[in-house]
Structure formats: C-alpha cells, structure tokens
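Asker: Letter by letter, the chains look like this.
Number of protein chains: 2
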Amino acid sequence: MTIRYPNGRKYRPQNQLPKRQRVGNETYRNRGQTLEDELNESNQYYLSRNIAVIHKKPVPIQVVKVNYPHRSAAVITEAYYRTPSTTDFNGVWNGKYIDFEAKETKNKTAFPLQNLHSHQVEHMKNVYKQNGLPFLIIRFSTLNRYFIVPYEMMLAKWDRMNDGGRKSIALKEFEDEAIELQLGFMPTIDYLKGLASLLGHEA
Amino acid sequence: MTIRYPNGRKYRPQNQLPKRQRVGNETYRNRGQTLEDELNESNQYYLSRNIAVIHKKPVPIQVVKVNYPHRSAAVITEAYYRTPSTTDFNGVWNGKYIDFEAKETKNKTAFPLQNLHSHQVEHMKNVYKQNGLPFLIIRFSTLNRYFIVPYEMMLAKWDRMNDGGRKSIALKEFEDEAIELQLGFMPTIDYLKGLASLLGHEA
Chain A
7 MTIRYPNGRK YRPQNQLPKR QRVGNETYRN RGQTLEDELN ESNQYYLSRN
57 IAVIHKKPVP IQVVKVNYPH RSAAVITEAY YRTPSTTDFN GVWNGKYIDF
107 EAKETKNKTA FPLQNLHSHQ VEHMKNVYKQ NGLPFLIIRF STLNRYFIVP
157 YEMMLAKWDR MNDGGRKSIA LKEFEDEAIE LQLGFMPTID YLKGLASLLG
207 HEA
Chain B
7 MTIRYPNGRK YRPQNQLPKR QRVGNETYRN RGQTLEDELN ESNQYYLSRN
57 IAVIHKKPVP IQVVKVNYPH RSAAVITEAY YRTPSTTDFN GVWNGKYIDF
107 EAKETKNKTA FPLQNLHSHQ VEHMKNVYKQ NGLPFLIIRF STLNRYFIVP
157 YEMMLAKWDR MNDGGRKSIA LKEFEDEAIE LQLGFMPTID YLKGLASLLG
207 HEA
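Just so you know, the protein sequences line up as chains A and B, in that order. So for the first sequence, the working numbering puts the first residue at 7; every next one is plus one. So for the second sequence, the working numbering puts the first residue at 7; every next one is plus one.
To be clear, the hints were calculated from the coordinates, so they are not data collected in a lab. Warning: the hint list may mix true and false statements.
Keeping only pairs whose Cα atoms sit at most 20 Å apart, straight-line, the calculated EDC-like set for lysine to aspartate or glutamate is [to be verified]:
hint: 1; chain 1: B; residue 1: K71; chain 2: A; residue 2: E186
hint: 2; chain 1: B; residue 1: K62; chain 2: A; residue 2: E44
hint: 3; chain 1: A; residue 1: K63; chain 2: B; residue 2: E186
hint: 4; chain 1: A; residue 1: K63; chain 2: B; residue 2: D94
hint: 5; chain 1: B; residue 1: K114; chain 2: B; residue 2: E186
hint: 6; chain 1: B; residue 1: K63; chain 2: A; residue 2: D182
hint: 7; chain 1: B; residue 1: K63; chain 2: A; residue 2: D94
hint: 8; chain 1: B; residue 1: K62; chain 2: A; residue 2: D165
When you get a sec, could you build the whole thing from the sequences and use the hints?
Answerer: Here it is, written out as structure tokens:
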C-alpha cells in the first residue's frame with residue numbers, strides 16, 4: 007500500500023531517499039528540499055549584503071498535544087501538517103514586495119501545474135493587485151535548469167488549463183517566455199538579477 | 007516549580023486560562039492570542055476588500071519524528087518550538103512592504119522591552135534599510151488600549167535601554183509619540199488607517 011501525505015504526496019521512508027533529500031532543519035519534504043536549501047542560502051547572502059530581506063515562511067503545523075517535562079523545553083507530541091494558504095517565500099527588495107513559490111520537478115519536458123494549488127495562485131493574484139511582485143521559481147531537477155516564471159506567464163498557463171487546455175507548462179515555453187537562471191557561487195541562485203532583467207533594470 | 011517555554015514564558019495549563027486565551031487553530035500561546043485573533047480578523051477584512059495582503063507567519067516548529075499510520079495523515083509525534091527569526095506579520099499594502107510584530111502586555115504603565123527579541127529588532131532594521139515599513143502593534147490588555155509604535159520610536163527606546171536607560175516604554179510615551187488605535191467592527195483593528203496617518207496620507 008502506498009502511504010500518502012495529507013497533500014497527496016507519496017511517502018518514501020528516509021533511508022530510501024537520496025542523501026540530499028533527507029530531513030533538513032525544518033521539516034521533511036519529499037520534493038523541494040534542495041531547491042529550498044539553495045534559495046535559503048541565496049537569501050542569506052542577500053541579507054548579509056543588504057540587498058534584500060527575503061525569508062522562507064515556516065511550514066504551518068497544527069499542534070494538538072504538548073507535554074511540559076520538568077526543567078526542559080515543551081515537547082509537541084501530536085501535530086499535523088496543514089496546507090499552506092500562501093506562497094513559500096516573501097520579503098522586501100529595495101522597496102518592492104517580493105512573493106514567490108519555489109517548485110522542483112523531475113519531469114524533463116514540462117512542469118505539471120498540479121504542483122501549484124489554486125489558493126496559491128489566488129494569493130499571487132492578490133499580491134499582484136497590491137503592486138507586489140509575485141512569481142515562481144521552477145527547477146527541472148533532472149536537467150538541473152532553473153527558471154523564473156513571471157506572474158503573467160503563470161496566470162496565462164493556469165487559465166489555459168482551466169479552459170480545458172494542457173495541464174502543464176512545456177519546457178519549450180519556459181525557454182521562450184521564462185527567465186533562465188544560471189547557478190553561481192555567491193549567491194547560489196541569483197534570482198534577483200533575473201528579476202531585475204524582467205523589470206528592465208540592473209540588479 | 008514553574009515550567010517555562012523555550013523562550014522563557016511561563017506555562018499555564020489550558021484549563022486555568024481564560025477562555026479567550028486557550029489554544030486557537032494554530033498553536034498554544036500564553037500571550038498574544040487575542041491580539042493575534044483580532045489582527046487575523048482585520049487582515050481577513052483587508053484581503054476581502056482588496057485593501058492589503060497581510061498574513062501572520064506560521065509558528066516555526068522543529069519536527070523530529072513523524073509517524074505514517076496506514077490510510078491516514080502523517081502524525082508528528084516529536085517536535086519543538088523554535089525561536090522565530092523575524093516578526094509575526096508581513097505582507098503588501100498598495101505596493102508598500104508591511105512588517106510588524108504584535109505584542110500584548112498586562113502592565114498598566116509601561117511596555118517592557120524584554121518582550122522584544124534582539125533578532126526581531128535586527129530584522130526590522132534590515133526591513134527599514136530596504137524601504138519596507140516596519141512597526142509594532144502593542145496592546146495594553148488591562149487598559150484595552152492599542153498603539154502603533156513607529157520604527158524610529160521603537161529604535162530610540164531600544165537604543166536607550168542598551169545605553170543603560172529604562173528597560174520599557176512608558177504609557178505616557180505611547181500617548182505622546184505613538185499612534186493610538188480605536189477598536190472598530192470591520193475591521194476590528196484598523197491599523198492601516200493608523201499607518202496612513204503616520205505616513206501623512208489617507209488610507
């Protein structure tokens with residue numbers, strides 16, 4: 007039998023996972039762990055250089071039971087993962103409100119839109135209306151290619167799906183319409199540079 | 007013996023708490039629960055009216071053990087509260103990046119600065135440098151009075167403490183330098199209106 011997370015993801019025991027995908031500091035995630043690490047590193051770099059203040063939000067957890075052992079920290083003994091109501095990362099970059107979701111796919115030809123939740127798209131619509139800057143960062147992990155998907159592009163593909171069209175964004179469409187990011191050393195993923203080119207100015 | 011949270015807060019069993027302070031949807035908090043509820047309501051109102059997109063961040067929790075019972079959701083069976091590295095609330099309001107911490111005190115004459123953590127003050131400094139809008143919302147719960155503390159005021163009092171001065175902000179100083187908020191119906195706490203008056207324009 008296949009065991010699944012509340013969000014429908016399949017469970018794989020930790021010792022069956024490649025090392026890079028095992029539990030990090032914060033929580034166990036089947037996908038996204040390495041991209042998340044790279045983005046956390048990049049954000050740490052941006053913060054240390056006064057370039058931007060962008061953080062990953064904690065994973066929302068519903069706490070049910072807490073124990074309070076003598077002379078030590080409170081221990082949560084029953085809790086459940088909740089579905090996030092917003093995107094993963096947000097913050098401020100030179101006065102601009104930044105808000106994005108980061109996703110990895112092993113697919114080599116397209117990004118399946120089922121990786122996005124409708125409430126996340128809804129959140130990005132709301133952010134856009136408030137003159138914030140919402141976008142996606144997508145990693146094709148098998149190809150090791152990274153893209154920024156601008157809000158308008160994401161929305162066009164999302165609407166296409168809801169109009170009965172294809173349920174994914176083709177790699178070719180990424181190549182034509184998204185912004186490809188090159189990996190670097192410091193920062194690992196310089197997505198603000200990519201964003202600056204999107205906005206038509208220098209980072 | 008007094009049992010304390012990892013952050014030094016005293017533990018009080020739930021059944022000894024007034025009803026409004028008991029566990030909410032998200033997590034158990036000794037202080038801040040009611041103010042937090044009021045702010046969540048206000049943010050819900052702002053969102054529904056397309057006024058702003060501001061959310062409370064989830065409480066950061068370090069997950070240690072997870073069980074995967076057959077045919078049901080993953081259960082976290084060992085986890086610990088972590089110290090938040092940023093403020094509680096952030097979002098976007100008409101292009102402006104909003105970032106604030108909300109605190110309650112039962113003190114009737116002053117707000118003790120020990121309620122703030124140095125890393126939160128550091129975070130607000132970084133936000134300010136990026137042209138974001140950091141501030142505090144303080145509730146004197148016994149007096150039922152609410153104030154917005156602008157960033158500059160907070161920093162002045164914080165620096166005063168670090169220079170050997172008083173370790174709190176006097177109520178009189180709130181009355182003279184902060185922005186007092188009146189409770190309403192929709193939204194409960196119209197802090198964006200207070201913020202607009204701080205910025206010198208209409209909300």
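Asker: What hint numbers does the structure not satisfy?
Answerer: 1, 2, 3, 6 and 8
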